[in-house]
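Number of protein chains: 2
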Amino acid sequence: MAITLYELAGADPALVFSPYCWRTRLALAHKGLDVETVPWCFTETDKLAFSGQGKVPVIVDGAKATHDSWAIAEYLDAAYPDRPSLLGGQAGAAHARFINAWTDGVVLPGIARLVVRDILDVLRPQDQPYFRTSRERAFGMTLEQVQEGREARVVEWRRALAPARTVLKAQPWLGGAVPDYADYILAGSLMWPRCVSRFQLLEDDDAMALWFARVRGLFGGMAEAARTA
Amino acid sequence: MAITLYELAGADPALVFSPYCWRTRLALAHKGLDVETVPWCFTETDKLAFSGQGKVPVIVDGAKATHDSWAIAEYLDAAYPDRPSLLGGQAGAAHARFINAWTDGVVLPGIARLVVRDILDVLRPQDQPYFRTSRERAFGMTLEQVQEGREARVVEWRRALAPARTVLKAQPWLGGAVPDYADYILAGSLMWPRCVSRFQLLEDDDAMALWFARVRGLFGGMAEAARTA
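Residue numbers (my numbering), protein chains in the order written: chain S, 1 to 229; chain H, 1 to 229.
By construction, these hints were calculated from the structure, which means they are not laboratory data. Heads up, some of the hints might be wrong.
If chains are identical, the list can't say which one is meant, so a pair holds when it fits in one copy or spans any two.
Said to hold, decoys possible - List time: in silico DSSO-like cross-link candidates among lysine-lysine, alpha-carbon distance up to 30 Å:
1) 64 with 47
2) 169 with 64
3) 169 with 31
Everything numeric in this text was worked out from a predicted model, so none of it was measured.
Based on the sequences and whatever the hints tell you, model everything.
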């Protein structure tokens, strides 16, 4: 039986853009598991009530629901140990948790400040007031103000990716010789701006851009084929 | 036969302070290997000529010399696979490389700007001109100017440790349930300011400070007992 994946969608149900949902999408593909996706929009709280909380991604595997992208990666490795490992065992998982924390704490907040206004345009009209209000409260300014001056600020964001760039000089994937969840953490996060905005985050000749293209090409080009804004 | 470790020392040969040498010191202790240390000072180029380059740490194991702290960790896991793993296998090593790159690229440059002037005082008089000249050229200002205003700047440096702090909320060590090379990368780096300066980098109640104290307590309190400035 296929695993059900609830994932954040825009007005177009095929436009999936959450960085956390993309991590899970890529993780499920890495495991080679059958997936049925259920698009979920910001204000559809009832649809997730069964999971006991209100955020995606959520997966349902048989009778078991799991939420939180990191917990899902751990669940998949534990439940399907004979399929390719996502986290690389105990030490691999412990070290990958750092990459997860760095991506969540450094990379994602930077992306938000570059494209958060653009997100509004891909949402259903009925989700837009919730999105604007909640995010403007968090930022303490309008979405337009948050995004202002991004052409200059993107340079600093690119610089903050230096640790990943250093790693990719020494090995082809963050996972080493083969891609693993470390790659999906960061590449999944980069799918977010790619799917909601035409603003160029990575320069074409950046090693990060070349690696990101390679991740998008995995699993039959699953991420490459995803709808972009 | 013991492994010989060449490590950076100050005027007092017992004052070992290089962040990279501390990583190797802790790695050798983790492996439970016998070590004979050879103090090396900045301008003693002849003493390292055998290794084909001019930087410590260098280890000599039988006939084999290895330099660069990361390469030494890889060597120790490959040469002593039956002893506790440092890097945690292929995925563990691939992910740890990110922690290494982040520490080298984010944590260490920040530390340098907080204590570089203090280093001068622990060096032999004959090494001080080399140190001052080479570092002032790199920074484009005097060591005193680099260190200026550190009381205010340390706050930002502490904030940059957020990813490690997040990880340590979820697990006791960067290595997971047990310490491993991921811990030695970062803790070894924190031994550097600890050994050369009385300037307080971490606040006492910071989870990072508590974890750092736990690392110093490993291996019979090896790092705790190290001479501090």
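Hints, verified against the model:
| no. | hint | result |
| --- | --- | --- |
| 1 | 64 with 47 | within (16 Å within a copy, 62 Å between copies) |
| 2 | 169 with 64 | between (40 Å within a copy, 26 Å between copies) |
| 3 | 169 with 31 | both (27 Å within a copy, 28 Å between copies) |
Against the hints set out earlier in the document, no violation occurs for any number.
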